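Given the coordinates of chain H, work out where chains P and L should sit on it, guided by the hints.
Chain order of the listed sequences is H, P and L. Heads up: the first sequence is residues 20 to 308, going by my numbering. Heads up: the second sequence is residues 858 to 1140, going by my numbering. Heads up: the third sequence is residues 217 to 471, going by my numbering.
Worth flagging that the hints you see were computed from the coordinates, not collected in a lab. Source: prediction; values computed, not measured. One or more of the hints may lead you astray.
Below 30 Å or equal to it, Euclidean Cα-Cα: the simulated BS3-like pairs (lysine-lysine) are [what the hints assert, rightly or not]: (1) 387/L with 26/H; (2) 26/H with 285/L; (3) 1104/P with 125/H; (4) 335/L with 416/L; (5) 297/L with 1031/P; (6) 1031/P with 285/L; (7) 387/L with 449/L; (8) 415/L with 285/L; (9) 335/L with 1031/P; (10) 319/L with 1031/P; (11) 387/L with 313/L; (12) 125/H with 892/P; (13) 302/L with 415/L; (14) 303/H with 1104/P; (15) 1031/P with 337/L; (16) 26/H with 319/L; (17) 125/H with 865/P; (18) 892/P with 152/H; (19) 349/L with 416/L; (20) 297/L with 26/H; (21) 319/L with 337/L; (22) 1031/P with 449/L; (23) 449/L with 416/L; (24) 26/H with 302/L; (25) 1031/P with 237/L; (26) 222/L with 285/L; (27) 302/L with 1031/P; (28) 1031/P with 416/L; (29) 303/H with 237/L; (30) 152/H with 1104/P; (31) 26/H with 1031/P; (32) 237/L with 304/H; (33) 313/L with 1031/P; (34) 302/L with 349/L; (35) 26/H with 335/L; (36) 459/L with 449/L.
Quick list of simulated restraints, FRET-style, between CB atoms [to be verified]: (37) 884/P with 51/H: 43 to 49 Å; (38) 1045/P with 245/H: 37 to 43 Å; (39) 279/L with 29/H: 15 to 21 Å; (40) 30/H with 911/P: 52 to 58 Å.
Here a beta-carbon is modelled for each residue, glycine too, at the ideal position from N, C-alpha and C.
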Amino acid sequence: MNTWRDKVIYTILVGSASTSIFIVLLIFFFLGKEALPFINDPGFSGLFNLRWIPVSFNKEIFGLIPLITGSVLVTLLATILMIPFGVLGAIYIAEIATGRERSFLKPFIEILAGIPSVVIGFFGLVVLSPIIKDIFGLSTGLTAITGAILLALMAVPTVITVSEDAIQSVPGAYREASLALGANRLQTIFRIIVPAALPGIIAAIMLGMGRVIGETMAVLMVTGNAAKITFNPFDSVRTMTATIAAEMGEVAFGSHHYQALFWVGIFLLIMTFFINLIAQQVLKKYQMR
Amino acid sequence: MTAMAKEKLIFNLVRGVTYFVVIVVGYLLFDIFIKGIPTISWSFLTELPRRSGAEGGIYPAIVGTIYLVSGAIIFALPLGMASAIYLSEYASQGRLNRTIRLAIITLAGVPSIVFGLFGLGLFVLFFGFGASILAGSLTLAFMILPTIIVSSEEALQAVPMGLREASLALGATKWQTVYTNVLPYALPGMFTGSILGIGRAAGETAPILLTVAAFFLPRLPKSIFDQVMALPYHLYVLATQHPDTEKVLPMQYGTALVLIVIVVFFNLTAIILRNHYRKKIQW
Amino acid sequence: MVKVPKIKLLIENVNFFYNDKQALFDINMSIPDRQVTALIGPSGCGKSTFLRMFNRMNDIILGTRHTGKITMDGLDIYDSKTDVVKLRRDVGMVFQKSNPFPKSIYDNITYGPEIHGQKNKSYLEDIVEHSLKGAALWDEVEDRLHDNAMGLSGGQQQRLCIARALAVEPKVILMDEPASALDPKSTARIEELIGELRKKYTIIIVTHNMQQASRVSDHTAFFYEGALIEFGKTHQIFTNPEKQKTEDYITGRFG
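Excised from the complex, chain H in its bound form:
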């Protein structure tokens, strides 16, 4: 009696757990299904054009390069910003803060992680972008750097949480050994603990980057959405995510433009997939989870 009940339940549980595999396959399948016709007409090479002009009276051009460079620029800027705040924040919470500070800072970081991106984007639009515009004397505050600041803010909780785990998992014996040799806390932290936790910290930064590349609403609202190739932080750019969000509502289903947007999604998926995979491998290899 118990045997068959156990078998039925086991089947249900395996089935449920396997759904995740099924969903991943479905995601790849349906993105591919909508995107694939583009290869025959107008042709795969069209995606590598240097311009993205999806709506035009003469010839539409669906080059993904400006969108990719837009995403890369914003991501790199955000990464440069999130590293000091995320890593130093993690070091502070894990090693320097008092117990009381920690019990305030940790929930606060979690709250930050929970603020919806559209709210962050809204804040960026009405508060940050005018500040950027004034400080740097620009014609518009809707720039790559504005987006990068917001994205860094959104990625900082990820970097802090994962880095802190890595720092916490450094064996206490290292710390004690270093202190016993007469090293002060500062030396112990930066010469022993941080190097020991480095793989975890690097993985944390990569997970943060994964989040940044995939983030949509904040960049859509504040980066100005000009699809051009630039590496100037104070220029407007258009990221891959923002392109999908802004244009998908207006395209005709099945059109070239529609298919091209699915290609953007595929590239995005592949990029985040590999970044996350590498980060997870690093974490797994160094047993920091």
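Just chains P and L now, kept in the frame of chain H:
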């Protein structure tokens, strides 16, 4: 400079960097609170919007968000909890197990806008649900599934191995053991973890942009195949798409405040409950 | 007249592996019915792993496998037709760290009978009383059966775990260092209890405490680095061991 002075200086620097983040976030919350509060009124929360959202309330957007989130929970919670039970209690070191874990990591990293594309391709078009509550809920459900699985598994792992061993050694079957001696102690943790997922679903915009959200729809949905407004999308529309964004700024702040209150409420509840159970359960 | 004890468990050519690491090497021995057999040896020698083979508790650890054969009353306990759930009903276990369920004392005892389908309330009440008496705990908890078991002292918790094992009427009881976490007084009570239980049950006890082994057991097996070095009457092992390694260990030269 002495070593002690140097240590002190650098610690203060690190502290400064950390609290800079706190101040920025604090300012964000403060700004939205102060500028949003004047807009909040009973009629703002309970009336239909008028004149493209320039006047009236945000009632349909609140209702829409509640529908979407409830729908996402109905699909994702049982699926996520069952997956976690399998991974924590049943899985062996096989290829299936490794593949499931890889899939969950992959899902957790899929950008929300890609979930939107997927929901559009599968639910809206292929299944023919159209842009609807059903399509949006399912898309959100798939998006929060990894959060629910990972936190539920953590809660299950926190139950001491000794309880399982004791039960199995008495001749209980696997499921009897899990059902009577693991689940009851893990459930609070599983639910709190799920609340974090719920908070995330309530605030997400990108997936519903493509699968459900209506630009302006001053009425309530009649069935799960209807479109709805949703708070995050409504905020986006008011802030960027409205013909006179300056004029509707108070409405934007009001909407942002309501959204943030809902999301922070969920997250804070989850955090407090989790800390409570962590302290309470001493094995 | 010499009474030859009946054999309860027969172990033939048993090897055991955690993934690629071999933990037990070609073990052969026979465990007599209704006597106490002690397994001793330094930590990591495989004695606990060996104990956990008798109720197949190692099955729940990923990546383990074994070769060889263990039979109980002539039946192969690792046979594919053997119901592991039924086996664990016959072979009870008491763990090193007491692990009562965070429920009432009463519910801890009735858990086993209930999952095996016993619903009769008065019968369950009998089992509770009988098992607690069997574990010498009844007098202490008689009037607070519905209190949470986590409120008991360490020694009481461990005796509750023994009572819980008795409630499913096992034939064999495995004890994995049952007194290692207890104070001397509680330890003495557990040892006394083992002396009582040996009249009705076959007991196999793992201990790192040699005095304990010599006090409670009839037979002693000495394990070293996964191999069974020597097995014999407890008295003989402790007074006149045949192997040098055994002598070194019991005289405290290593371990």
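Results of checking the hints against the structure:
In summary, the hint linking residue 387/L to residue 26/H is supported, as the alpha carbons are separated by about 28 Å, within the 30 Å threshold. Between residue 26/H and residue 285/L the alpha-carbon distance is near 27 Å, which keeps this suggested pair within the 30 Å criterion. Our distance criterion of 30 Å between C-alpha atoms is broken by residue 1104/P and residue 125/H, whose separation comes to about 38 Å. Note on residue 335/L and residue 416/L: the hinted pairing holds, with a Cα-Cα distance of about 26 Å set against a maximum of 30 Å.
For the proposed pair residue 297/L and residue 1031/P, the alpha carbon gap of about 18 Å is at most 30 Å, so the pair holds. Restraint check for residue 1031/P and residue 285/L: satisfied, since their Cα atoms lie roughly 24 Å apart, inside the 30 Å limit. Restraint check for residue 387/L and residue 449/L: satisfied, since their Cα atoms lie roughly 22 Å apart, inside the 30 Å limit. For the given pair, residue 415/L sits about 27 Å from residue 285/L by alpha-carbon distance, which is consistent with the 30 Å threshold.
A threshold of 30 Å between alpha carbons decides the hint, and for residue 335/L with residue 1031/P the separation of about 20 Å falls inside it, so the pair holds. Distance hint between residue 319/L and residue 1031/P is fulfilled; the C-alpha atoms sit about 19 Å from each other, no more than 30 Å. With a CA separation close to 22 Å, the supplied pair residue 387/L and residue 313/L stays within the 30 Å bound. Under the criterion of a C-alpha separation no larger than 30 Å, the hint pairing residue 125/H with residue 892/P is consistent with the structure, at around 27 Å.
Straight-line distance between C-alpha atoms of residue 302/L and residue 415/L comes to about 23 Å, which keeps the hinted pair within the 30 Å bound. Restraint check for residue 303/H and residue 1104/P: not satisfied, since their Cα atoms lie roughly 52 Å apart, outside the 30 Å limit. This hinted pair checks out: residue 1031/P and residue 337/L have alpha carbons roughly 25 Å apart, not beyond 30 Å. Proximity of residue 26/H to residue 319/L is assessed by CA-CA distance (about 28 Å); at most 30 Å being required, the pair is judged to hold.
About 23 Å separates the Cα atoms of residue 125/H and residue 865/P, which keeps this hinted pair within 30 Å; it holds. Distance check on the hinted pair: residue 892/P and residue 152/H sit about 22 Å apart at the alpha-carbon level, within 30 Å; holds. With a CA separation close to 14 Å, the supplied pair residue 349/L and residue 416/L stays within the 30 Å bound. A hinted pair counts as satisfied when its Cα atoms are at most 30 Å apart, and residue 297/L with residue 26/H qualifies at roughly 16 Å.
About 18 Å separates the Cα atoms of residue 319/L and residue 337/L, which keeps this hinted pair within 30 Å; it holds. Only pairs whose Cα atoms come within 30 Å are accepted, and residue 1031/P paired with residue 449/L is rejected, the gap being roughly 38 Å. With a CA separation close to 20 Å, the supplied pair residue 449/L and residue 416/L stays within the 30 Å bound. Simply put, residue 26/H and residue 302/L have alpha-carbon atoms about 17 Å apart, close enough for the 30 Å limit, and the pair holds.
Distance restraint check for residue 1031/P and residue 237/L: the Cα-Cα separation of roughly 27 Å lies within the 30 Å cut-off, and the hinted pair is therefore satisfied. Note on residue 222/L and residue 285/L: the hinted pairing holds, with a Cα-Cα distance of about 19 Å set against a maximum of 30 Å. Of the supplied pair hints, the one linking residue 302/L and residue 1031/P holds, its CA atoms being roughly 13 Å apart against a limit of 30 Å. Distance check on the hinted pair: residue 1031/P and residue 416/L sit about 29 Å apart at the alpha-carbon level, within 30 Å; holds.
Taking the CA atoms of residue 303/H and residue 237/L, the gap is about 22 Å. The hint holds against a cut of 30 Å. Restraint check: the Cα-Cα separation between residue 152/H and residue 1104/P comes to about 21 Å, which is no more than 30 Å; the hinted pair holds. Only pairs whose Cα atoms come within 30 Å are accepted, and residue 26/H paired with residue 1031/P is accepted, the gap being roughly 10 Å. About 21 Å separates the Cα atoms of residue 237/L and residue 304/H, which keeps this hinted pair within 30 Å; it holds.
For the proposed pair residue 313/L and residue 1031/P, the alpha carbon gap of about 21 Å is at most 30 Å, so the pair holds. The suggested pairing of residue 302/L with residue 349/L holds, with an alpha-carbon distance near 25 Å, which does not exceed 30 Å. Distance check on the hinted pair: residue 26/H and residue 335/L sit about 24 Å apart at the alpha-carbon level, within 30 Å; holds. The hinted pair formed by residue 459/L and residue 449/L meets the criterion: a straight-line CA distance of about 14 Å does not exceed 30 Å.
Checking the proposed 43 to 49 Å range against residue 884/P and residue 51/H shows it holds: the Cβ atoms sit about 44 Å from each other. Roughly 50 Å separates the CB atoms of residue 1045/P and residue 245/H, a value that falls outside the hinted 37 to 43 Å. At about 20 Å, the beta-carbon gap between residue 279/L and residue 29/H stays in the expected band of 15 to 21 Å. The hinted window of 52 to 58 Å between residue 30/H and residue 911/P holds, with their beta carbons roughly 55 Å apart.
When held up to the earlier numbered hints, the structure conflicts with 3, 14, 22 and 38 and fits the remainder.
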